[in-house]
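Visitor: First to last, the sequence lines map onto chains A and B.
Per our numbering, the very first residue in the first sequence carries number 3; after that it's consecutive.
Per our numbering, the very first residue in the second sequence carries number 190; after that it's consecutive.
It is possible that some hints are incorrect.
Stated by the list, open to error - Label-pair ranges, simulated between beta-carbon atoms: (1) B:C215 <-> A:Q28: 48 to 56 angstroms; (2) B:P557 <-> A:E72: 37 to 45 angstroms; (3) A:E72 <-> B:G388: 30 to 38 angstroms; (4) B:E593 <-> A:D303: 47 to 55 angstroms.
No lab work stands behind these hints, which were simulated from the structure alone.
Even glycine gets a Cβ: it sits at the ideal position worked out from N, Cα and C.
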Amino acid sequence: MGEYSLLIILFAPFLGSIALIFIPRQEELMVRMTAAISAGISLLASFYIFFAYDPIKGGFQFVQRFAWSEELGIAFYVGVDGIGGPLVFASAILLFAGIFVSWHIKDRTKEFYIFLLILAAATIGVFMSLDLFFLYFFYEMSVLPMYLLLGVWGSHTKGYLSMTDPEGLKLRDSVDFIFNFGSNSKEYAAMKLTLFLSAGAVMALMGILLIYHMSGLHTFDILVLREQAKFTDTMSTLIWILIFFGFASIAPIWPLHSWSPVGHAAAPAATSMLHAGVLMKLGHFSIIRVGFEILPEATRDLMWIAAVLCIGSIIYGGLVSYFAKDTKYVIGYSSSSHMGYIFLGMAALSYISLSGAVIYMFAHALATSMLFAMAGWVYDQTHSRDIPSLGGLSEKMPFIAGAFIVACMASIGMPGTINFVAEIMIIVGSWDRYPLQVVVAVLGIVLTMAYMFKMMRGLFYGKLDPEFAHTSDAKSWIDRMPLILLIACSIILGLFPGHFYDVVRSTVEPMVDRINQVAPLVTQNTRGLLP
Amino acid sequence: MQFNLSLSAADLILLMPEIFLTIWLCVILALDFSLKRITHQQLAHLSIAGLGITAIMLFVFDQNGTTGALFKDMYVLDHMAILFKIIILGATALVLFMSIDYVQEFRFFKGEYYFMVLMSAIGMMFMASSNDLLSVFVTLEFSTFGFYVLVAYLRDDQRSSEAGLKFFILGVFAAGLLAYGISLVYGETGTLVFSEMAGTQGSYGLAIGFILIFAALGFKIGAVPFHAWIPDTYQGAPTPVTAFLSLAPKAAALAILLRMFFVALASFKPMWVLLFVVASIFSMTYGNIVAIAQKNIKRLLAYSGIAQIGNIMIGLAAGTKQGSDAIMFYLLTYMFANLGAFAVVIAVSQVIKSDEIEDYNGLNRRSPFLAAAMLLFLLSLAGVPPLAGFIGKIYLFIAAMNQELYTLLIVGLINIVISMYYYLIVVKKMYINEPSDPSPIQASLPIKVAVYVGITGTLLLGIYPGPFIDWAVDATLMFSNIAAPTASLPILPGG
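Work out the full structure: start from the sequences and follow the hints.
Guide: What follows is the structure, encoded as C-alpha cells:
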C-alpha cells in the first residue's frame, strides 16, 4: 500500500476527472463531491508520504518504475526526495482547499472541476517524475488547463472595455489600443500566460533534448543521467541556460514575470491558488531537478545569474505591489517578488539557504493561496477588487478579516508561521555568498509589510461603503474549512518544523556537496597529474 | 525493358487486398445501378465493410510476414507498405463515416460518391507499394483522378467547381513535372527501379530530375512552395473530401518519398537533407503564420495541414530509420486528430450551415461533446500532452536531434508556440465566447462514430504509444542501414 502511494496521489485526481465526464451536469452536488473525494484521497496519501519519508535513508523513496517505450528510452518512473515530497504535499493541500473554495461556482461546474483536477494532477506529476520526458510531459500538461480556467471562469480587470462598447470601438483605432485595450481582459491574460509558458517550455525542451542526445546515453532517466552524463563546458553552459530560462519563465523570474500578475488577476480563486501556490514552483523545482542534478558544474558557475535577477524580482515586485490598487495584482506581484527569495536561496548554494528555499516554496504556497482564496471571497461578495473603493469589510465579514490578517502575517514571515522559518534560513544561509542580495531581501520584507498592511487597511478597515451592506461572511464549514486547513498547516509546521527540515536537509546536503565540490576536487586531483 | 509476366498464385496473394477491393467496388457500383431500393447509407456501410475486410487482410499479412515484390520490383508489399495501406484504409473508413450525412444532401450521384472514394483509396494503396518511377507515375495519376471528381462534387456550388478546376490545373501541371523528371532520371541512370538507382553517380540531369519529382510529390503533400492549391481547394471541396485530401494522399505520397529518397537516393543524403530542411522550415513557418489570420475553419485546418507536413518533413530531413519511424507514428496521430477535427466541422456545419470560426462561438454550451472533442483534436494537433500529437512531435524532434539538425529543431519548437496561438483562438471561441444562438447541436450517429474513433486514437496513442511505436519501428526495418553517402553531385562541393 505504502509503496503505491505516489501512484494514488497522481491518479486519484485523474480518475476523478474521468469520473466527472460521466456524471450528468445537473447533479452539481455529485460533481463537487466526486472532485472533493478524489482530491481528499490524494491529500491523505500525500500526507502519508510527507510523514513516512525517511530522512535518515534519504534519496528517492516510494519509487515506482514501468517501462513505457524502450525505443525512445522513456520509462514511467516516479519517486520523491526531500524536495519533491513536500511539494507534492503542498499541491494536494491546495487542490483540496481549492475545490472547497470554488464550491459556489455555478457556470459549467463539471468542466471547471475536470480542468482543475487535471491541472493539479499534472502539477503533482512534475514533482514526482524521475524521468525527464515525463517531467516535461506533466509540465506542459499543466499549462493548458490554465488557459481554459482563466478564460472561461476568470474575470476581467477593472477598466476592461468590451469590443462592442462604443468607447471600446473608439479606442480600437487609437494607439492606446495596443497598450491598454486588450490587456485588461481575461482572454488576453489567458493567452499571454499560455504562450509565455509554452515558449518557456519549448526552450526547456530544447535543453532536455540536448541532454538526451549530447550525453550519448539516449535515455531520459534522471538518475542515470545524474550519474553518467558528461558534457563539454560549452555544451553544459548552453544546456543550463536553456533549462534555467526555460523553466524560470514559469517561476517567474524578473524580467520574465509579466504574464504572472495578469494571469493571477484574471484567474478564479481556486486557479490563482494553484497557480501561485504550486504552478510557479514547477519552475524552481524543475531547475533543481534538471539543472542541479544533471549539470552541477554549470550550476555552480552560472547560478549567479539567478542571484542578480532576484534583486529585480524582489524590488520590482514589491514596489509594484505597493502601488497596485487591485487586490489580486497586489498578491500577484507580491508572489513574484517572493519568488526572488527562492532564487536567492537557490543561488547561494549552501545547505541552509537551499533548504530554506525549498521550505519557502511550501510556505509561500500556503500563505499566498490563503490570500488568493480570501481575495476571491471578497470579490465574489462585492464584485470589486479595487482597493480604494472597498473598506470597512471587517464589520460584515469578521472571519474573513481575521483569517486575512493571519495570511498577511504569514506572507510577511511572522514567527510562528512556516514562512518565518524559511525566510530566516534563506537570509542566514545566503549571507556568506551574497550579502548585497540579503540586504535587498530584508528590504523586501519591509516592503512586504508595507503593502500587506496597506491592503489590509484598505479592505477591512475604515468606513464601510453602504453599497457593500449586503455582503456576508464565510459562515458554513465548507467555506471556512479550506482557510482553516491552510492556516493550521502553516502554523503547525511553523511551530514544529523539525521533521520537515530533516526531510529537506537529507536531500539538500548531498546535492549541495555535489555542486560545490565535484569540480574542485576533480581539478585539484588532476592538476599536475596530466600534462 | 521487357516484362515477364508470369504470376504464380503466391504472387497474386500479395495483390489480394487491391484485387479484393477492386471487385468489391465494382459490386458496389453495380448494386447502385441495378437495385433501385438500395439506399446510399447501405452502400456506405458496404464500402466500410469492404475497407475493414481489406484492412484485416493486410493485418494478417503483417503478422504472417507475407511480403514480397512483384513485376520486376515495380510493386512491393513490405511492412512499411502494409502500415501505410492500413493508415489509408483507416482514413478512408473514417471519411466514409463522416460522409453518410453529407451525401444525403447531394442531389445526384449519391452512390457514385462511394465508388470514387474507394477508387482513390485503391490508387493510394498502389502508391504505397510502388517501387519504381513508372508505377509512381501511374498510381499517382490514378489516385488523383478520383480526387479531381470528388473535389468538384458539389456541382451547383461555385466554390466547389472553382476548387476542382484549380486542383485539376495544378495537378496536371504537377503530373507534367513528374513525367519530365522521370524521363530525365531514366535518361541519366537507365533504370526506373529505385533499388537499382542506389549506386548511381551524380549529375546535373539526375539532380534536376529528382527535384522535379520532388516538386510533384511536394504538390501532393502540400509542402511550401507547392502549397498554393491547398487553401482554396480545401475550402471549396465537400468537407468529407477535404478531410480525405488532408490525410490519405499525403500518406501515400510520403511512402513514395521515403522509398525514393531513403533507398534510391541514399548516397546523396547530404543534399536532399538540405532540401527537406528548407522545405520543412518554410512549410512550418508559413503554414502556422498564415493560419493565424484565417476566419474559416476549413482554411485554418488547411494551413495547419501545411504546417503539419512541415513537421513530418523533419523526419525526412533526419534521413534515418528513426526519422521514418517517427513519420509513420506521426501520421497515425495526425490521422486521428485531423480527421476527428474534420468530423466535428462536418457535424457543426450540418446544423449551422457555416464553416466560419465566428460561428463556433459558445460551442461548449451548444454541444459539450463536440466542443470537448474539438478541444482534444486541436490540442493534439498543437502537440499538448497527454495527446497523441505530443508524442509524435517529440519523436520527430528526437530523430532530428540525433542527427543534430539544430536549426530545424529550433524553428520547429518556435512553431509549436505559434501554432498554439491559433488553435487556442478556436478554443477560445468554443469555450469562452457566448453563443449568439444557444440552441443545442446534435451530431448524428455515423459522425459520432468517427469522433469517438478520433478521441480513442488520440488518447490511446498519447498515453500508451509503446505498441504503436514498436509497430512503426518494425515496419521500416528495411531502412535500418541506409547507405552511407558515397556519391556527390557537382552542384554542392564536398557532398
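Visitor: Check each numbered hint against the structure and report the violated ones by number, ascending.
Guide: Number 4 only.
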